[in-house]
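*Asks:* With the hints as your guide, set chain B onto chain A.
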Amino acid sequence: KAGVTQTPRYLIKTRGQQVTLSCSPISGHRSVSWYQQTPGQGLQFLFEYFSETQRNKGNFPGRFSGRQFSNSRSEMNVSTLELGDSALYLCASSLRVGRGLNEQFFGPGTRLTVL
Amino acid sequence: GENVEQHPSTLSVQEGDSAVIKCTYSDSASNYFPWYKQELGKRPQLIIDIRSNVGEKKDQRIAVTLNKTAKHFSLHITETQPEDSAVYFCAATPNSGYSTLTFGKGTMLLVSP
Numbered sequence: 001k002a003g004v005t006q007t008p009r010y011l012i013k014t015r016g017q018q019v020t021l022s023c024s025p026i027s028g029h030r031s032v033s034w035y036q037q038t039p040g041q042g043l044q045f046l047f048e049y050f051s052e053t054q055r056n057k058g059n060f061p062g063r064f065s066g067r068q069f070s071n072s073r074s075e076m077n078v079s080t081l082e083l084g085d086s087a088l089y090l091c092a093s094s095l096r097v098g099r100g101l102n103e104q105f106f107g108p109g110t111r112l113t114v115l
Numbered sequence: 001g002e003n004v005e006q007h008p009s010t011l012s013v014q015e016g017d018s019a020v021i022k023c024t025y026s027d028s029a030s031n032y033f034p035w036y037k038q039e040l041g042k043r044p045q046l047i048i049d050i051r052s053n054v055g056e057k058k059d060q061r062i063a064v065t066l067n068k069t070a071k072h073f074s075l076h077i078t079e080t081q082p083e084d085s086a087v088y089f090c091a092a093t094p095n096s097g098y099s100t101l102t103f104g105k106g107t108m109l110l111v112s113p
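From first to last, the protein sequence lines are chains A and B.
The numbering of the first sequence is the numbering used here, which starts it at 1 and goes up by one.
The numbering of the second sequence is the numbering used here, which starts it at 1 and goes up by one.
Hints in this document: simulated from the structure, not taken from any laboratory.
Glycine included, C-beta positions come from ideal geometry on N, C-alpha and C.
Relax, there's no trap hidden among the hints.
For each label pair, taking beta carbons as the anchor points, the in silico distance ranges come out as:
no. : chain 1 : residue 1 : chain 2 : residue 2 : range
1   : B       : GLU79     : A       : SER79     : 48 to 54 Å
2   : A       : SER51     : B       : GLY16     : 45 to 51 Å
3   : A       : ASN71     : B       : GLY16     : 44 to 50 Å
4   : B       : VAL54     : A       : ASN77     : 38 to 44 Å
5   : B       : ARG61     : A       : LEU115    : 42 to 48 Å
6   : A       : GLU52     : B       : GLY16     : 48 to 54 Å
7   : A       : GLY84     : B       : LEU46     : 25 to 31 Å
8   : A       : TYR10     : B       : HIS72     : 33 to 39 Å
Keeping only pairs whose Cα atoms sit at most 35 Å apart, straight-line, the calculated DSBU-like set for lysine-lysine is:
no. : chain 1 : residue 1 : chain 2 : residue 2
9   : A       : LYS57     : B       : LYS57
10  : A       : LYS57     : B       : LYS42
11  : B       : LYS71     : B       : LYS58
12  : B       : LYS68     : A       : LYS57
Just chain B, with the same shape it has in the complex:
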């Protein structure tokens, strides 16, 4: 089955800096890669996703890149703000007809003012 590794487990940045979270996956059949943000005590919320036919996708301060050859994808947050502080999860799913997501272990991002 799919295995997703996520790094780093914690990341501390100063407000205004950029943050990068990296994930690798094992199943070459995976072709949908969402990122979720989970604030303390709240539900995971989808913030951006990318599909295998796209190499990069941007949404304001957030971008995701995908390298299918190397089986890794990354989340980039620019101009970080304190409200970006949360746990971020990457996930992968193969095009098998299921909606099953395999998640990375999460990255706790702390943005200091």
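The shape of chain A in the complex, shown without the other chains:
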């Protein structure tokens, strides 16, 4: 099975712009979670999508949003970019059968740099 894929791998944007990141989960996986990784804050949860619905959201401002499509692919969007949004954005997919406890597998990440 192919692993989790993310596009693009690298992005450079300027403050005030917006960006869209894409994640394709492992075939058959229906849950996609997004995390932001920075040297100072580590790995922080952004949101989780399952069956095209946002099921959980982390403590991030409304500039961060996402969606999931019927084929389980997910996108996240960050509007009005700030310098502090520079980070590695990771998505993870899991089967999510029943109530949680499913292993999450990470994609390679998208490295976003905001200038």
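*Replies:* Below, chain B without anything else, positioned relative to chain A:
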């Protein structure tokens, strides 16, 4: 919400030594505890996990222990090798129906030949 503390932040050992990384969590409802290894420039990879109905789990040179009463769990790596050098993250999640993971800040393990 859940809070996970991880120690130490850096750990240097000689090849062949053992390494131990410890994590504590705050939410008594948490019952799934995975460990991820992240090599420089690569994605986090799940190396072992433990669920709340198990006290210890081993996989070759890697073992994880869980003490639910004290709310802490640990990763043990025996006979370390240079290729074990990486950042290790512990995580916890409650059985809330979500897949949300709360991560520790990570431990940079350096194994010197």
